[in-house]
Amino acid sequence: MRSLQELDESECIARARRGDAAAFSELVSRHQDRIYRFLVRLTRSLDDARDLTQETFLRAFEHLKGWRPEARFSTWLFRIARNQAFDLLRRHQTVEFVALEEDATVLDPAPGPDDVLNTAQRLRQLDAALSRLPVEHREIVLLREIEGLSYEELADVLGLNLGTVKSRIARARTALLGFTPP
Amino acid sequence: MNCPPFEELSAYADQMLAPAAKERLASHVQACVGCQAQLQALRDLQLQLHALPQPHLGFDLGARLRDQLQTAGERKRAPRAPTWGLSGWLPAGLAAAAMASGVWLGVLLVGGSVAGTTQAGVVRVFDPVPPGGLCVAVELCRATKGMP
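Protein sequence lines correspond, in order, to chains A and B. So for the first sequence, the numbering used here puts the first residue at 969; every next one is plus one. So for the second sequence, the numbering used here puts the first residue at 284; every next one is plus one.
Bear in mind the hints are in silico, worked out from the structure with no lab data behind them. Check the hints yourself; a few may be wrong.
Listed below are the simulated SDA-like cross-link pairs for lysine to any residue, each with C-alpha atoms no more than 20 Å apart in a straight line [what the hints assert, rightly or not]:
| # | chain 1 | residue 1 | chain 2 | residue 2 |
| --- | --- | --- | --- | --- |
| 1 | B | K305 | A | G1131 |
| 2 | A | K1033 | B | T354 |
| 3 | B | K305 | A | E1120 |
| 4 | B | K305 | A | Y1119 |
| 5 | B | K305 | A | S1118 |
| 6 | A | K1033 | B | E357 |
| 7 | A | K1033 | B | Q353 |
| 8 | A | K1033 | B | R349 |
| 9 | A | K1033 | B | A355 |
Using C-beta positions, here's what the derived DEER-type ranges look like [said to hold, decoys possible]:
| # | chain 1 | residue 1 | chain 2 | residue 2 | range |
| --- | --- | --- | --- | --- | --- |
| 10 | A | L975 | B | A378 | 46 to 52 Å |
| 11 | B | V390 | A | A990 | 58 to 64 Å |
| 12 | B | Q313 | A | A990 | 51 to 57 Å |
Positions of the beta carbon are idealized from the N, C-alpha and C atoms, including for glycine.
Please take these sequences and the hints and turn them into a complete structure.
What follows is the structure, given as structure tokens:
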């Protein structure tokens, strides 16, 4: 009999849907770091991110019957994680839900010099810039740039249409390029 | 072709444009230094975001949750408890007893049959209304009438 580590994701999910806790814990082990790092950067709190990661997986197990194979499992997890994080941020009132003008023209960021200063200071500045973004911009940048979600997946996780995904990612990038020194 | 809006360049950098639009934009970028610089800024941003330190949870959450998941999994699989068992009837019985005692206490307070008898007894000894006086409470007068 094959060990759980040898099973592919769909087999693990099928077993977990039948209530196999070991199969689901294998899925947790595979996805925990992606979910955690997304939540750390979204909430800016290691403790909150740790708790939310656990909550995300417990909720996923509880609602596993609701998962449809049309969506990637990781995308579904991101949606749960994101909703949990927004609930927490609302409760803590650390997030202001500003109306984003999705249809407004996106201003071109001033093109900077072509050198990439990949230093610790530069990365700290970028991290600080990320933290200053509105949370709706921050989440889309994280999911696109770091987690590599497609526009369709972003639309699914964030509950947006494709046009809005396209304009929001552009606005988030504009803001980020404006915050970071060249 | 004029310079495209930044939104288009951003989608182009993500390779999310339709083939025709992608081709049009590619030929423009080849000849436009400004758009080339913007595309480069987008690519640099992407590289820098990837270079950010990536936090790790630092322990195996799957292993840690296994017992909790096991219990939840068993609960999912377990057949529904029969409603005719003791555990099914016990809360209902307690609720009925509580309700009955509540009704009984309520009757005592508002002057039902039990309360009425007691109150009539009290009235018979301490009734301030002299015989032949006006009756201020019909129930009390009726009670005293029947008394020896």
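(message) Tell me the numbers of any earlier hints that the structure contravenes, in ascending order.
(response) Of the numbered hints given earlier, the structure breaks none, since each of them holds.
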